[in-house]
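Residue numbers (the numbering used here), protein chains in the order written: chain R, 1083 to 1193; chain S, 299 to 413.
Just so you know, these hints were derived from the structure itself, not from any lab.
Computed from a predicted model, the values in this text were never measured in an experiment.
A couple of the hints might just be wrong.
Stated by the list, open to error - Computed cross-link-like contacts, EDC-like style, restricted to lysine to aspartate or glutamate with a CA-CA straight-line distance of at most 20 Å:
1) Lys-1185/R <-> Glu-401/S
2) Lys-1139/R <-> Glu-365/S
3) Lys-336/S <-> Glu-350/S
4) Lys-320/S <-> Glu-350/S
5) Lys-1124/R <-> Glu-401/S
6) Lys-336/S <-> Glu-1127/R
7) Lys-339/S <-> Glu-1137/R
8) Lys-1141/R <-> Glu-342/S
9) Lys-320/S <-> Glu-301/S
10) Lys-336/S <-> Glu-1091/R
11) Lys-1141/R <-> Glu-1163/R
12) Lys-1145/R <-> Asp-1164/R
13) Lys-307/S <-> Glu-1127/R
14) Lys-1151/R <-> Glu-1137/R
15) Lys-339/S <-> Asp-1121/R
16) Lys-339/S <-> Glu-1097/R
17) Lys-1124/R <-> Glu-342/S
As the list claims (entries may be wrong) - Some chain S residues near chain R, calculated using beta-carbon distances under 7 Å:
18) Ile-354
19) Pro-367
20) Pro-406
C-beta: ideal position from N, C-alpha, C; glycine also.
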Amino acid sequence: EDQVTQSPEALRLQEGESSSLNCSYTVSGLRGLFWYRQDPGKGPEFLFTLYSAGEEKEKERLKATLTKKESFLHITAPKPEDSATYLCAVQSIRGADGLTFGKGTHLIIQP
Amino acid sequence: DTEVTQTPKHLVMGMTNKKSLKCEQHMGHRAMYWYKQKAKKPPELMFVYSYEKLSINESVPSRFSPECPNSSLLNLHLHALQPEDSALYLCASSRGLAGVAYEQYFGPGTRLTVT
């Protein structure tokens, strides 16, 4: 069974204080790992897809990296508008086209 | 345009009612999905349609009945629901080529309350 574990569950940072969110995964053959951002009461917003170990993607203050067992979402000099729940999801060979999500990291950026 | 639309935004229904949720995308995607998300939990996959055919049903109770009338539309028919079925129901779509992990784009969801 595919498993995705995210840590920490919650993280409170000061504006400008950089940090990283972790996503550990166990899958039967990884097809892709995805990062999403979700604001309260809204659908997840796609951020990144990573396919193989060593791959990196960047978008504004966010950078996602992938190893064979985990992925990191690095947030550099965050702003209050970066506050959200960040979800990690995997698509595996066993899971066909569906995504298996982790429980998410609830990020709060204080001004 | 990466928009997936869902209607209605909110729905309150009794346990004996029949209602439907609707989802639409115009990105030319060939795979569409239904997920269920309870409060403070991650989305859980319910159904996958690939090229308008049901390819995955994650052991969902029969009171949930999906339908894909064409490649742009996805419905979820609801009947005799239970209060524990109250949740945010999310629709998503992707390019959907078999064996390739394309990103899924989510709609805003329908907030369902069963009384």
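Practice problem: List, from low to high, the hint numbers that the structure doesn't satisfy. | Solution: Violated hints (numbers, rising): 2, 3, 7, 8, 16 and 19; every other hint is consistent with the structure.
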